[in-house]
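Counting from 1, one number per residue, gives the positions in the sequence shown under UniProt numbering.
No lab work stands behind these hints: they were computed from the structure. Incorrect hints may appear among the rest.
[To be verified] Straight-line C-alpha distance at most 30 Å; calculated DSS-like pairs for lysine-lysine:
hint, residue 1, residue 2
1, Lys137, Lys84
2, Lys49, Lys78
3, Lys50, Lys134
4, Lys137, Lys74
5, Lys78, Lys97
6, Lys74, Lys23
7, Lys23, Lys50
8, Lys97, Lys123
9, Lys5, Lys78
10, Lys121, Lys23
11, Lys137, Lys121
12, Lys53, Lys78
13, Lys23, Lys5
14, Lys84, Lys121
15, Lys127, Lys74
16, Lys53, Lys97
17, Lys23, Lys123
18, Lys84, Lys23
19, Lys134, Lys5
20, Lys23, Lys97
21, Lys121, Lys74
22, Lys34, Lys121
23, Lys34, Lys123
24, Lys53, Lys74
25, Lys53, Lys134
26, Lys121, Lys78
27, Lys23, Lys131
28, Lys137, Lys127
29, Lys5, Lys97
30, Lys5, Lys49
31, Lys23, Lys127
32, Lys74, Lys49
[To be verified] Quick list of the computed label-pair ranges, beta carbon to beta carbon:
hint, residue 1, residue 2, range
33, Thr82, Cys140, 27 to 37 Å
34, Asp94, Ser52, 22 to 32 Å
35, Asn68, Gly116, 26 to 36 Å
36, Asn37, Glu158, 15 to 25 Å
37, Glu95, Ile118, 36 to 46 Å
38, Gln77, Gly116, 44 to 54 Å
39, Ser33, Glu158, 16 to 26 Å
40, His87, Gln63, 33 to 43 Å
Glycine included, C-beta positions come from ideal geometry on N, C-alpha and C.
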Amino acid sequence: METLKGIERIKSSVHSAKRDRRKGLVPGVLYGSKTRNMLFEIGELELNKKISKIGEHGIVNLQINNENHNALIKEVQKDAVTQKIIHIDLQELDEDKVIQTEVPLVFSGEALSKDGGIIQKEKNIIKVQGKYDKIPKSICVDVSNMHIGDVYRISDLEISDEISVMEEPNTVLAVVSHSGTSGDGSDNNINSSINSTTDKKPPVEKK
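All chains should be modelled from the sequences, with the hints used to inform the complete structure.
So this is what it looks like as structure tokens:
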């Protein structure tokens, strides 16, 4: 797991966090049952890159004062206007504790389907539950054998019995559609297949 390097932060005033953000640093706090609350700061670019890969509830390895901490992202606070991260809360993990976190999906064989269709990814991250040392860094979605009209769902994933997926089994992860416009109605059939897994909305009354 890639390590994020943070610097312990001494809160000298109510404006110290604002000064950190102006320097391109994001303030945060690390806490846990076996850890004292520790304030830290971390590079904004480095943090954004990590969160884009693992999601806002993923697991990170944080190094502060040459000590490594496996931690779960508990909260990411963002500016309401700019959507920039302004603060992050991390909870240090206990090896024996069951947690819920987000795991990125890695798609394999996604260039084209066997019959020339285009792979459309519907999700890049899923929520799972298990002991943190059993949770994988990523989950592979093999779409190399899919054909036009095929739908890949969470129930098709091959994952360890030691973790559970906390989303509906019928949730669509990927579909295969035609690479261009087609008049045979196949794309409509694909859309119907996807929509069948979602709640139906009441018809809109025509005026």
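Checked hints:
1. Lys137 x Lys84: The hint holds at about 25 Å.
2. Lys49 x Lys78: 15 Å, holds
3. Lys50 x Lys134: 20 Å, holds
4. Lys137 x Lys74: Holds: Lys137 and Lys74 sit about 18 Å apart, inside 30 Å.
5. Lys78 x Lys97: Satisfied, since the Cα-Cα distance of roughly 28 Å is no more than 30 Å.
6. Lys74 x Lys23: Distance of about 24 Å is within 30 Å: holds.
7. Lys23 x Lys50: Holds, at about 19 Å.
8. Lys97 x Lys123: 27 Å, holds
9. Lys5 x Lys78: 21 Å, holds
10. Lys121 x Lys23: With Cα atoms ~36 Å apart, Lys121 and Lys23 exceed 30 Å; violated.
11. Lys137 x Lys121: 19 Å, holds
12. Lys53 x Lys78: OK: Lys53 and Lys78 at ~17 Å, within 30 Å.
13. Lys23 x Lys5: Holds, at about 16 Å.
14. Lys84 x Lys121: 26 Å, holds
15. Lys127 x Lys74: Since the Cα atoms of Lys127 and Lys74 sit roughly 14 Å apart, the hinted pair holds (cutoff 30 Å).
16. Lys53 x Lys97: Given pair Lys53, Lys97 holds - Cα atoms ~24 Å apart, limit 30 Å.
17. Lys23 x Lys123: 34 Å, violated
18. Lys84 x Lys23: 14 Å, holds
19. Lys134 x Lys5: 24 Å, holds
20. Lys23 x Lys97: 36 Å, violated
21. Lys121 x Lys74: 27 Å, holds
22. Lys34 x Lys121: 40 Å, violated
23. Lys34 x Lys123: 35 Å, violated
24. Lys53 x Lys74: Between Lys53 and Lys74 the Cα gap is close to 16 Å, so the pair holds against 30 Å.
25. Lys53 x Lys134: 19 Å, holds
26. Lys121 x Lys78: 26 Å, holds
27. Lys23 x Lys131: 36 Å, violated
28. Lys137 x Lys127: 12 Å, holds
29. Lys5 x Lys97: It holds: about 24 Å lies between the C-alpha atoms, which stays within 30 Å.
30. Lys5 x Lys49: Holds, because 13 Å separates the two Cα atoms, which is no more than 30 Å.
31. Lys23 x Lys127: 33 Å, violated
32. Lys74 x Lys49: Given that 30 Å is the threshold and the Cα spacing comes to 17 Å, the pair holds.
33. Thr82 x Cys140: 27 to 37 Å: 35 Å, holds
34. Asp94 x Ser52: 22 to 32 Å: 27 Å, holds
35. Asn68 x Gly116: 26 to 36 Å: 47 Å, violated
36. Asn37 x Glu158: 15 to 25 Å: Since the Cβ atoms of Asn37 and Glu158 sit about 40 Å apart, the hinted range of 15 to 25 Å is violated.
37. Glu95 x Ile118: 36 to 46 Å: With Cβ atoms ~43 Å apart, the hint holds.
38. Gln77 x Gly116: 44 to 54 Å: 45 Å, holds
39. Ser33 x Glu158: 16 to 26 Å: 34 Å, violated
40. His87 x Gln63: 33 to 43 Å: Distance hint for His87, Gln63 is violated at roughly 19 Å.
Going through the hint list in order, the structure does not satisfy hints 10, 17, 20, 22, 23, 27, 31, 35, 36, 39 and 40.
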